[in-house]
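Colleague: Under numbering that gives the first Met the number 0, think of the first position of the sequence shown as 0, with each following residue one higher.
Honestly, the hints are just simulated from the structure, not real lab data. Here the structure is a predicted model, which is why all the values come from computation and not from measurement. Heads up, some of the hints might be wrong.
[Claimed, not checked] Okay, derived cross-link-like pairs now, DSBU-like style, lysine-lysine, Cα gap no bigger than 35 Å in a straight line:
id: 1; residue 1: K60; residue 2: K42
id: 2; residue 1: K9; residue 2: K39
id: 3; residue 1: K51; residue 2: K180
id: 4; residue 1: K39; residue 2: K51
id: 5; residue 1: K154; residue 2: K134
id: 6; residue 1: K154; residue 2: K180
id: 7; residue 1: K9; residue 2: K89
id: 8; residue 1: K134; residue 2: K42
id: 9; residue 1: K39; residue 2: K77
id: 10; residue 1: K51; residue 2: K77
id: 11; residue 1: K9; residue 2: K134
id: 12; residue 1: K134; residue 2: K39
id: 13; residue 1: K89; residue 2: K77
id: 14; residue 1: K134; residue 2: K89
id: 15; residue 1: K134; residue 2: K77
id: 16; residue 1: K89; residue 2: K39
id: 17; residue 1: K42; residue 2: K9
id: 18; residue 1: K154; residue 2: K89
id: 19; residue 1: K42; residue 2: K89
id: 20; residue 1: K77; residue 2: K180
id: 21; residue 1: K60; residue 2: K39
id: 22; residue 1: K9; residue 2: K180
id: 23; residue 1: K9; residue 2: K60
id: 24; residue 1: K77; residue 2: K60
id: 25; residue 1: K51; residue 2: K89
id: 26; residue 1: K9; residue 2: K51
[Said to hold, decoys possible] So the derived label-pair ranges between C-beta atoms look like this:
id: 27; residue 1: A10; residue 2: P113; range: 30 to 38 Å
id: 28; residue 1: G40; residue 2: P113; range: 24 to 32 Å
id: 29; residue 1: E133; residue 2: G40; range: 41 to 49 Å
id: 30; residue 1: T31; residue 2: L159; range: 33 to 41 Å
id: 31; residue 1: D23; residue 2: W175; range: 18 to 26 Å
id: 32; residue 1: E119; residue 2: K77; range: 19 to 27 Å
id: 33; residue 1: L159; residue 2: L109; range: 27 to 35 Å
id: 34; residue 1: T144; residue 2: E33; range: 44 to 52 Å
id: 35; residue 1: M0; residue 2: V36; range: 34 to 42 Å
id: 36; residue 1: G126; residue 2: V36; range: 36 to 44 Å
id: 37; residue 1: V151; residue 2: P113; range: 46 to 54 Å
id: 38; residue 1: E170; residue 2: L27; range: 43 to 51 Å
id: 39; residue 1: G57; residue 2: R1; range: 31 to 39 Å
id: 40; residue 1: R1; residue 2: V34; range: 17 to 25 Å
For glycine and all other residues, C-beta sits at the position ideal for the given N, C-alpha and C.
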Amino acid sequence: MRESLTLLRKAFELTSARVVVTRDILPLRLSTGEVLVASKGEKVEVPRWIAKFLEERGIAKRLTEEISIEDVLRVHYKELDRRSISELQKLPENFYWLLQEYIETLQRDLRTAPNPRLLEERRRLEGYLSDILEKRVQAIMVLATLLKSPLVEYKPRLSLEEIELLETVSESVRVWMAALKGEVE
Numbered sequence: 000m001r002e003s004l005t006l007l008r009k010a011f012e013l014t015s016a017r018v019v020v021t022r023d024i025l026p027l028r029l030s031t032g033e034v035l036v037a038s039k040g041e042k043v044e045v046p047r048w049i050a051k052f053l054e055e056r057g058i059a060k061r062l063t064e065e066i067s068i069e070d071v072l073r074v075h076y077k078e079l080d081r082r083s084i085s086e087l088q089k090l091p092e093n094f095y096w097l098l099q100e101y102i103e104t105l106q107r108d109l110r111t112a113p114n115p116r117l118l119e120e121r122r123r124l125e126g127y128l129s130d131i132l133e134k135r136v137q138a139i140m141v142l143a144t145l146l147k148s149p150l151v152e153y154k155p156r157l158s159l160e161e162i163e164l165l166e167t168v169s170e171s172v173r174v175w176m177a178a179l180k181g182e183v184e
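Based on the provided sequences and hints, a complete structural model is requested.
Modeller: So this is what it looks like as structure tokens:
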């Protein structure tokens, strides 16, 4: 499962991000073979990993944050308010990776300019993420035990990372039950 999550993270890193260039970029050859040349103030779209690289070096700044604390609060509220798996919500695309990136950005900002407001925001986001993960994992565990029930209706509501967990746990539950029933696989 770790390998699958690593691949999902790498796929996320290849998605596009928009940045504004903060100082001139001399010809920079990208892994795609393309050459990036940009002037200060120019807006460009690059793979996320390159945007991060440029931002860390002070060459560019992200144009917009793709997830806000309000987005996280909405998901958090709906998850804590959910009474059954039938109310399971679909998460925004790349929710976990975007939230992880948001927290990493706050951490980086805190290292360069310590600020109590940023520290509190980071702590709140980490707490919200823990709560969301806990509730979603509980739902996945319930789904993993529904051996005879079709999971087709629930999979569209799960992130790719959650589907990977569901399939891994479901297979383990099937093998475990078969072994205890004396069935040969």
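Colleague: Taking the hints in turn, state whether each one holds.
Modeller: Here is how each hint holds up against the structure:
With a C-alpha separation of about 10 Å, the suggested pairing of K60 with K42 holds against the 35 Å cut-off. For the given pair, K9 sits about 29 Å from K39 by alpha-carbon distance, which is consistent with the 35 Å threshold. For the given pair, K51 sits about 52 Å from K180 by alpha-carbon distance, which is inconsistent with the 35 Å threshold. About 17 Å separates the Cα atoms of K39 and K51, which keeps this hinted pair within 35 Å; it holds.
A threshold of 35 Å between alpha carbons decides the hint, and for K154 with K134 the separation of about 16 Å falls inside it, so the pair holds. Distance restraint check for K154 and K180: the Cα-Cα separation of roughly 28 Å lies within the 35 Å cut-off, and the hinted pair is therefore satisfied. For the hint linking K9 to K89, the alpha-carbon distance of about 22 Å falls within 35 Å, and the restraint holds. Proximity of K134 to K42 is assessed by CA-CA distance (about 39 Å); at most 35 Å being required, the pair is judged violated.
As the CA atoms of K39 and K77 are separated by approximately 42 Å, the hinted pair breaks the 35 Å bound. With a C-alpha separation of about 31 Å, the suggested pair K51 and K77 falls inside the 35 Å cut-off, and the hint holds. For the hint pairing K9 with K134, the CA-to-CA distance comes to about 26 Å; that is within 35 Å, so the pair holds. With a C-alpha separation of about 45 Å, the suggested pair K134 and K39 falls outside the 35 Å cut-off, and the hint is violated.
The straight-line distance between the Cα atoms of K89 and K77 is roughly 10 Å, inside the 35 Å bound, and the hint therefore holds. For the given pair, K134 sits about 13 Å from K89 by alpha-carbon distance, which is consistent with the 35 Å threshold. As the CA atoms of K134 and K77 are separated by approximately 10 Å, the hinted pair is consistent with the 35 Å bound. Between the alpha carbons of K89 and K39 the distance comes to roughly 39 Å, so the proposed pair goes past 35 Å and is violated.
For the proposed pair K42 and K9, the alpha carbon gap of about 24 Å is at most 35 Å, so the pair holds. At most 35 Å may separate the alpha-carbon atoms for a hinted pair to count; K154 and K89 meet this at roughly 9 Å. Straight-line distance between C-alpha atoms of K42 and K89 comes to about 32 Å, which keeps the hinted pair within the 35 Å bound. For the proposed pair K77 and K180, the alpha carbon gap of about 39 Å is over 35 Å, so the pair is violated.
Only pairs whose Cα atoms come within 35 Å are accepted, and K60 paired with K39 is accepted, the gap being roughly 11 Å. Taking the CA atoms of K9 and K180, the gap is near 40 Å; set against the 35 Å cutoff, the hint is violated. Of the pairs offered as hints, the one joining K9 and K60 holds, with about 21 Å between alpha carbons and a cut-off of 35 Å not exceeded. For the given pair, K77 sits about 32 Å from K60 by alpha-carbon distance, which is consistent with the 35 Å threshold.
At most 35 Å may separate the alpha-carbon atoms for a hinted pair to count; K51 and K89 meet this at roughly 27 Å. Taken as a hint, the K9 and K51 pair is honoured in the structure, with Cα atoms around 13 Å apart against an allowance of 35 Å. Distance hint check: the CB atoms of A10 and P113 are about 34 Å apart, consistent with the given range 30 to 38 Å. For the pair G40 and P113, the supplied restraint of 24 to 32 Å holds, since their beta-carbon distance comes to about 29 Å.
Distance hint check: the CB atoms of E133 and G40 are about 44 Å apart, consistent with the given range 41 to 49 Å. Between T31 and L159 the C-beta distance comes to about 23 Å, which lies outside the given range of 33 to 41 Å. Between D23 and W175 the Cβ separation comes to about 60 Å, which falls outside the hinted range of 18 to 26 Å. E119 and K77 have their C-beta atoms about 23 Å apart, which keeps the hinted 19 to 27 Å range intact.
At about 30 Å, the beta-carbon gap between L159 and L109 stays in the expected band of 27 to 35 Å. Range check, T144 to E33: Cβ separation about 48 Å, and the 44 to 52 Å hint holds. Hint check: M0 to V36, Cβ distance near 41 Å, so the stated range 34 to 42 Å holds. In this structure the hint that G126 and V36 lie 36 to 44 Å apart at CB holds, the actual value being about 43 Å.
In this structure the supplied range 46 to 54 Å holds for V151 paired with P113, their Cβ-Cβ distance being about 49 Å. Checked against the given bound of 43 to 51 Å, the beta carbons of E170 and L27, roughly 44 Å apart, stay inside it. Separation of G57 from R1 is about 33 Å and conforms to the stated range, judged on CB atoms against 31 to 39 Å. Between R1 and V34 the beta carbon distance is about 35 Å. The supplied range of 17 to 25 Å is therefore violated.
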